[in-house]
Amino acid sequence: MAVLNEEQEMLRDMAREWAVNESPVTEFRKVRASGEPEAFNRDAYATMAQMGWAGIIVPEAHGGSDFGYMSAGLVFEELGKTLTASPLLATTIAASAIALGGSEEQKARWLPKLASGEAIATLAVDEGAAHDPAAIETSVSGGKISGKKTFVHEAHGADLFVVAAKDGLYLVENGAGVTLTTRKLTDQRSHADVTFDGAAADKLAGGGDSLLDDVLDRARVLTAAEMLGMAQQVFDVTLEYLKQRVQFNQVLASFQALQHRMADLFADLAQMRSAVEAGLQAVDSGFGVARAATIAKAEANRVLHTISNQGIQLHGGIGMTDEYDVGFYLKRARVLEASWGSSSFLKDRYASLGGY
Amino acid sequence: MATQLEADTPTDEEAFRAEVQAFLAENFPAELKNKGNALAGVDGPTDETPAMKAWREAVGAKGWGTPTWPKQYGGGGLTKGQARIVDQEFAKAGAYNPIGGMGVMMFGPTLLEYGSEEQKMEHIPAICRGEVRWCQGYSEPNAGSDLANLQTFAEDKGDHYIVNGQKTWTSGGQWADKCFAIVRTDKSDKHRGISFLLIDMTSPGVEVRPITMISGTSPFCETFFTDVKVPKKNLVGVEGQGWTIGKRLLQHERTNISGGGRLASMMGQSLGDMAKKYCATDADGELADKVLRDKIADFEIRWGSFLLTARRAVEESKATGGVSEISSVLKKVGTKLSQERSELLIEIRGLQGLGWEGDGFTDGELEAVRGWLFGKATTIYGGSTEIQNNIIAKRVLGMLDHQ
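Protein sequences, first through last, are from chains U and F.
Under the numbering used here, think of the first position of the first sequence as 70, with each following residue one higher.
Under the numbering used here, think of the first position of the second sequence as 460, with each following residue one higher.
With the rest of the complex left out, here is chain F (with noise of 0.2 Å):
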């Protein structure tokens, strides 16, 4: 098979998607085709079929899960071009990539970053295979928003440290191998007192406790660590870096939040189309509730500009090869938006839209359900929508603290 191209020529892209053709159709399992990647998310176990773990191997092989990765530590080492030609074609297939997570999302991004050598080596490779199930160590119960509060400490034993603290909203915590956090190792310094270290979540006194939410469902957990031994080699950058190193993080927490592919999928059907299903209609074939129609029209022309606005950070970043000053914008409007649709779906089935199990409920209503109360959690988690303001006031617009 031919090696990654360096050079984006036309020739090139093709010889390029001819590979990845060549790839899909050798590796591909049929029966896999349009399902979506169970494994991604945090929201469920890792039951992987044969034909699941083949096609995760075959990719992570390729590095192609993590295109744009470096070559040495198992990422594809595409350009963003071919990277785009990779998602092109196995979109077309069918195909999902079968790697992700939040070693994809935040975690491997960070490492490479602020990562010494040998955490890089011992890291990233695994994420590239899809091997290592990553969860976030950051929220604590008084710390949420005012993160730099948090209190977990980890006590310097020489070449390893005691870690003894809470956690809490550790995404998918009860399905994760390794945490990355951010503990204390300085009391008296609010925020370089802060340091960033990975834990091994089958170390001796870490705990996880499944929290129910107001959904049903329990993707997010308490962690509680009782003298857990961490290895001084799971530092990342230097003691007291944390924050900083943090941040970073949180970026691309954002960025993966607002973007994804999986909001503007959902968000894809019509509204309207969906209300002339459950709603009267007149004899011009127009809702009859002209009320909730000015209601649905109003929603999707902000929808639409949301879609256009998020289109446009894409092209003024790559034109200027820097971040938009807009996507700051993105989480806090795209969470606000993708709430109001659940709203207003309900809205549209009535106590039909309000199913909790059972017959009589289609598995699209009830998931519609689950969706719109899990769906609270999405201006809350990732940097609340007051901490987007807070952001966006300061660091774009300038607006001082009060002295």
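Excised from the complex, chain U in its bound form (with noise of 0.2 Å):
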């Protein structure tokens, strides 16, 4: 764990009292049975919010803390944990877009609205089912834009859409001309394909050419904060498992073979936890962002790959059942590493970044 200061300290306390007493993965339960599109509690979205959860990346002058992307992971930490269902990451992603690329006058209409939870927004970028940014075919001409996004995270809650276009990133509001078609996805959270049919988009004319780039390292490592949670989270609840498990006449914890998949698992786990907080903290330093923050992402889609399969494994076949939780953790987890770049992806990436 980074070492952190003491208002570090107080937010991610209060993210894991709150994540841990309000929001358990029976929240999630609930959200599911629900069977609604959006798939969030929207009253507790907005406590999230109103605990200043929603502006920690957003600069004070618009309503934010300006506390850091390090602030931003812990939170997203603690409710990785408890799979707490909520726009949060998404807004924090889109907010970050417009922090960046914003005019001054888009930053004012949109931040305040993002940080105080009274407003949410996505990123979409996508166009198919793998991440690929190089391949984008949306165009805007005369103000309308054109395209279709595919699997957008939390659209069907979004009231802006902060979408790719081949010349740049531009907000949409959601109304007329953007369609939405769910996509159930594994995780049985809010996804959709989204098209864009001569809807009004306003372009984010700053941050420089790198800007989509530069958003899309702050998605990856603000999502692999919450994949390091619920990595976290499964390996203690298996640990936990695993020293209460009798078969044989033994607590499955003393088998020497378990103790070292155990062993590997938190070697892994610490090398995941290195990568992520340090890809976060580059971001605050702005210094080498994106190889820290593709490394960040590679260490947590390989590393929760690893530990959510192991997590059912050594549980046996109550891991296998819909009633214990671990198997959330593993269907969710798959829908995160596809996100903002699979494995694959990201070692190209880091490949290209190295020069070979």
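Take the hints with a grain of salt, since some may be wrong.
[Stated by the list, open to error] Example chain F residues on the side facing chain U (calculated, C-beta under 10 Å, incomplete):
1. Val667
2. Ile670
3. Thr740
4. Leu766
5. Glu774
6. Thr844
7. Ile850
8. Ala852
[Said to hold, decoys possible] SDA-like cross-link-like pairs, simulated, lysine to any residue; straight-line CA separation at most 20 Å:
9. Lys853(F) / His329(U)
10. Lys272(U) / Gly244(U)
11. Lys754(F) / Gly424(U)
12. Lys749(F) / Lys272(U)
13. Lys853(F) / Glu309(U)
14. Lys853(F) / Arg330(U)
15. Lys754(F) / Thr375(U)
16. Lys312(U) / Arg854(F)
17. Lys777(F) / Gly244(U)
[As the list claims (entries may be wrong)] Residues of chain U placed beyond 10 Å of chain F at every Cβ, according to the derived structure:
18. Arg111
19. Thr219
20. Thr250
21. Thr375
22. Gly386
It should be emphasised that the hints constitute simulated quantities derived from the structure, not laboratory data.
Note that the coordinates shown come from a computational prediction; the quantities given were computed from them, not determined experimentally.
Virtual Cβ for every residue (Gly too), placed ideally from N, Cα, C.
Put the two chains together into one complex; each comes in its own frame, and the hints tell you how they fit.
Right, here's the structure in full:
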């Protein structure tokens, strides 16, 4: 665990307490049971916004606290532990795009609303099943945007879409010319294909040529922070289970084969934590962001993949049941692994950044 | 010259930095610039040139080779902040620390903790001056990972012990002056029958036989003790305390293997850049073999997160004043990654990367081959990976033994 300052410790403790008490996995079960495509609890989201979580990376001048990405990561880690269903991650990523590339007018119009929870936003980049920011067909002509974005996170609740077009990022409000088609994924959260057919689009003109890459790097590290919480939780729950489950008159934790497997997972988790925290810190410092974000998401993908699989295997039959929570982490894990860069995408990116 | 400073205020730091710079200007021989310390490891003899000797003696006299050790025993008596300044200034000047070896890395810290006043006065100053080479008498043919199973016996003869038995994997035993050993003083108790004994390698009855390794080198020895007389004053702690002291020393050993700057500097060069020299590239200047490219990136990402983990362990230790719970991960992961890197390097170079000797291979290529082979030892010595897994499972994760 990175060395935190006092404010960060308070923020983390508050997030942990809230997630455990007010947003345990039973709350996600309720969201799932409701069958609503929005797939989150509006009251819970309002509380989160009141606690300031939607404005952590938003400048103070626009209603945020400007606590930085490391601080935001602490909250996403805690929410990841309890699989809290909310549009907080999507909104934070969209807010980062506006903070980086928006005009003063765009920032003044949207950031306070996003920070206060009054509006929800999400980033729409990909146009196929795989993350591929180099293959964008969506285009804007005369202030009207046309194209189709696939598997957009939290699309159903979104008031605002930050949309990648051929020539940059655009703000598009949900309304005329925007059509959602629900895509139910294994994590049972809100996903939709979003078709833009001549909707009004307002370009984010700042942020330079690298704006899309810079925003995606932020999406990667913030997503990795949620994945870190998930991996930590699966590890902790699995360790507890091994310590109490008796077979052959022995607790499972006493078997060396299982001890060594847990030692491997512990080492993997330590690496994942270092990579994710360093990614968040890199965004805050502005130094070496692309490489650090790539390492963070690549390690998050690798380690959460392994731990979510082992979480099922080590629980045995009970891990296969819907009644037990561990399977939810596996299903959410794969969705996040595929978002903003699969392992092969990230390795390709890392090699390109390294010039080979 | 100014005395060493106790407080690290910015002004004090500047003054101390100037003191180190002045010392370097006066004492560091230019011909040693950017050379490594040949005497620090255990893999070579001690052919010391006059310049090397002068440099070792100058640093030894200041105690700056062991900067944070107490001054009364010959250490530098510096604060951690000052030690960092010494490091930085030496690095800037291209100067190596001429004091090292197992005396510094493992034995010294342990003796400072457990030794008597006489023992510290006798042994520590010589280590600080780099005058005495120590080797480790731990492993035996039937006591490797099950170290407490050791059988070398020290029989109590009143004012001395008579030691009989065999040690193995004695690193640098053929070049060592003294040996810190764990021996059995009581055959009836596996752990409490072990004592920590200091043995002079020139004593009658000590015989050393180097073992040739798969890498072609002989850094390890078998060491035989036949009726070796060891005075009682060479017992560290009390009789039967050897297992406790010995384990403490192993913690120092692990820290050194995993956090080693040597490992980090060896791994510094990008495998991707290396591959571009040996393998075909495409029109974009990328490696044409995309499978290999993927493997290299996969490795470098994991190596990157390992370096970040080592950094995090240091930051956590500094913040909490204790040992980070992930320090136990570093040895296990670092050694595995360095082995993976060696294997990748061979794959990148093809048969050109498998030279044993002779023309047609660069020094770097030949070194890499020997390094690849010798590197297989890193997951076996210093507590094998399996032992590290036991430590993590039991001490960190609280997974219990079979009932």
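Item to complete: Hints the structure violates: just list their numbers, smallest first.
Response: 1, 2, 12, 17
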